[in-house]
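All chains, full assembly: derive it from the sequences and hints.
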Amino acid sequence: MSSADLNQALHVVSGYSAAGLLRQAFRLDRDQLLVSDDPLSYGPAPATDDLDSWRSTREEYLLQLYNSPGELPENDYHPKGLDTARLLGGNPVVVWTGGVLPEQLMLARVVVLFEQLGLNESELSVVQVEGSDEADFVRTIGGLRPEELQQRCPEPRELRPDELRELKRAWHVYTSSEPADLVSYVAEAGCLPILHHAMCHLVYRYPDIRSGTSIWDERLLHYTQERGPSATRVLGFTIGYNDTPDWIGDVYLFRRLAALAEPSLVVPLVSATGNTGKLRECRVEVTPFGQKVLAGEANHVRENGIDDWIGGVHLTSEAPITFREGDTLVLPA
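Position one of the sequence shown corresponds to residue 1 (the working numbering), numbered consecutively onward.
Calculated directly from the structure, the hints in this document are not laboratory data.
Label-pair restraints from in silico Cβ distances:
{"hint": "1", "residue 1": "158", "residue 2": "250", "range": "30 to 40 Å"}
{"hint": "2", "residue 1": "150", "residue 2": "295", "range": "45 to 55 Å"}
{"hint": "3", "residue 1": "85", "residue 2": "297", "range": "46 to 56 Å"}
Here a beta-carbon is modelled for each residue, glycine too, at the ideal position from N, C-alpha and C.
Rendered as structure tokens:
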């Protein structure tokens, strides 16, 4: 890939680690990079064509996630998402992505933005960084070293019409309020297998029909029991043993762990002591009810209710709930 080609483009990346990596690997200036610091893959993502409404929804969620009282000292995080105005600058756009869900969703989001903004899709290219085999699979751009990115980096390529349609469909499925759309998507192999594989893991975000826990709540409970009481160790093992495309951050997981210990629950699954607002000072233990949930002998949702977002789907106790049985969604009758 020539420096001249790279220097003519605006490069879209997920997160500042990936942005720094690209700058080192290809000697890019800051103004050649468009960084999305919105992970996209968790929190409310309801469908809308109103860019201001979308930005407001996401920023409100991320500000709450990262700036809850007592979470991190001197934390002044202000999420920006994508500065869509910079896509209007007339430069070719190159989206860099690995195989994890946040980066695949970012690519889908940019494709949809091109359509919403009336931009020429022929000016959009993708660099999908892949490994040579399954064991060498590149999950996230930011996890590489500069020299690795240089070696693995394919040429930017224009997306085919069928690929553009697939990405738009994936975004529609993700932001849809109907779980049935995900069921249909999972059942049909698409022309972008990395995208399809990542999207399929959304199924595991739904509560298990026996325990009432999502995959992440179940893993947090498991590692609380196996590796607690340090909340830092619990999160470290939960993240460290995640080999799926469902790439999750530590702050999000800490919020979910805290929710399992929330005193307002009818029956908490976890007890938290110490400074429960700070990860390093929080200690956690699984309650007797949490042990029953882990064993599939009790149901978290049926006892405590639910208020959770999976893309555009808002799961609440006030409406029929979609559960998961194995890797299949069980839609309400």
